[in-house]
Amino acid sequence: EGDEMETPSLEEGGEIRRLGKRFRKLDLDGSGSLRVDDFMSLPELQQNPLVRRIIDIFDTDGNGEIDFIEFIRGVSQFSVRGNQQQKLNFAFRVYDVDKDGFISNGELFQVLKAMVGSNLQDAALQQAVDKTILGADRDGDGRISFHEFCTIVGELDFTKKMVVDV
Amino acid sequence: MELFFNPFDNLLCILLGISFTVWFTLLLVFIIVPAIFGVSFGIRRLYMKTLLKIFEWATLRIERGAKEKNHHLYKPYSNAIIAREPTSLEEEIKEIRRSGSNKDLDSASEFEMSDIFYFARRGVESIMDDEVTKRFSAEELESWNLLTRSNNNFHYISLRLTVLWWLGLLIRYGILLPLRVTLAFTGVSLLVFLTSLIGLLQNGRMKNVLSEKVHLMCYRICVRALTAIITYHDSENKPKNGGICVANHTSPIDVIILASDGCYAMVGQIHGGLMGVIQRSMVKACPHIWFERSEVKDRHLVAKRLSNHVQDKSKLPILIFPEGTCINNTSVMMFKKGSFDIGATVYPVAIKYDPRFGDAFWNSSKFGMVSYLLRMMSSWAIVCSVWYLPPMSREEGEDAVQFANRVKSAIARKGGLVDLLWDGGLKRDKVKDTFKEEQQKLYSKMLVGTQEDRSRS
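Residue numbers (the UniProt record's numbering), protein chains in the order written: chain A, 1 to 166; chain B, 1 to 457.
Don't read these hints as lab results, they were simulated from the structure.
Mixed in with the good hints, there may be bad ones.
[What the hints assert, rightly or not] Computed footprint of chain B on chain A, listed as stretches where at least three residues anywhere in the stretch have a Cβ under 8 Å from a Cβ of chain B:
1. 41 to 49
2. 91 to 97
3. 109 to 119
4. 127 to 138
Because the structure is a prediction, the values reported are computed rather than measured.
Just so it is clear, CB atoms sit at the ideal spot from N, CA and C, and this is done for glycine as well.
Given only the sequences and the hints, what does the whole structure look like? Please build it.
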């Protein structure tokens, strides 16, 4: 603990305690870290098509489990006190599956497919993906960098949309 | 002649004898006799009022102490549901897209990169707090009722409060618990003994009348064994013969609460052990519906027996808890449709416990039956309200599920509980994939929808 990642913007002790309580409640086997199973015990999460992406983003050290620090950091990005940059970063990482800093055609397709399931044909999806990348890709490398991403969505006043009551 | 006992021992025996007799007489006069006749001295209500005053004092003391020491008091979530406006997936995503300043909606592409915000936010929201799992654990209290099980601020206390707590502990475990256990023992033994006796009589009016009286009396003793203070509302709507009584389920005590005010035919699985003995003797006096373990799986058999029972107007109304499991009394979960399919009149009943005196919720994954009962008997009291709602029947064109939901809403509204669509079985099982597929379908419709709009223009 205490490495170079940005510290969470939660300040009040009350919030941390609530998060702690929530963490303990989710930690069904009391192991001190949350695995996918623990999250999937929430019915409302089971119905969310992007739940795996969210868990993956929380898991910053990539060990497949989310410990308390990762939990706090993850949730704090949605706090009302979080800054725009953090939220944009989170949104970017939903798409950037392999965490290489770029959204490739395949990754965009993957995420879109998760959201629509089997309700749309792959060809139609691919069309939408190609069109989006074409519109966003400024430097012509066939993929979307964080900078290009911000240009596309950065105008949106979405700071309210990416906020959760902590 | 040798003196067997020295005079001191003699005195001790006499004292013990006297106190035992006195105690037993008090028990008889103040508790058992009123139970037989169904009257009340009002002692329990006085007790309740006194307790409330003490609790208020204790809570104020904690808050004052916490402020003095400048600690943060940990306030649990209030029970008010975080009111999320019920906007649909489509509205929310459109709003996200719209908040980009100069984009005209018609010329928007089918898919926007900002669409994921909706799912991401919903996901983190659910991680923080979801509607369903909080129903399955005991409710959190705002004020403290001197039971450490229900409060997290216990360490912020003063000497007076500690003394009070120890006193409370002494009273609860030293006086109340033995008293209650004796009463429970009396009640149950009387039930078994008397119903077996009645079983020897010929079937007829006499038998029914006696059976009713005996059942009521024993349940009333059990009610006093838990120091349950019950307020019945709208008794004119009490269930009648040939009907089905449905109620929300918080604990096995619900049965005792309802059965001490009226006579019902119980439904359930035959157990072994003490429970089984009680069940077998009860059914000698009046026709309850007990199923063997193997029969429980067979839905048709169950339905057939139930409908045979309700068609016989001389038989008592059936008592059923359609949620199928114990919920923590802040909400009502999905009703299983079986009992609503039979075509009988349904008499809904709402039961709401007052959490200030003792948490009646049975968390069956955390406590077994015996430890649960011990917890109940060592609480201060069990205070609850029972509302009898007017009878409902299935309407034209309504299927069993819709009928069940209608009854559920009525119960939830009356009892001040939250009406939830989620299945109580989620306590143990997983949600079906259909919910996720619903979300995917909705989102896809949105994408395709904009495509159609564009091709039309």
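Structure-based check of all given hints:
1. Against chain B, the segment 41 to 49 of chain A contributes 9 residues with a C-beta closer than 8 Å to a partner C-beta. That satisfies the three-residue criterion, and the hint holds.
2. Judged by the Cβ-Cβ criterion of 8 Å, the segment 91 to 97 of chain A is covered by chain B as claimed, because 3 of its residues qualify and three suffice.
3. Given as covered by chain B, the segment 109 to 119 of chain A passes the check, having 7 residues with a CB less than 8 Å from a CB of that chain where 3 are the minimum.
4. Counting residues of the segment 127 to 138 of chain A whose C-beta sits closer than 8 Å to any C-beta of chain B gives 6, which meets the bar of three, so the coverage hint holds.
Every hint, counting from the list given before, is met by this structure.
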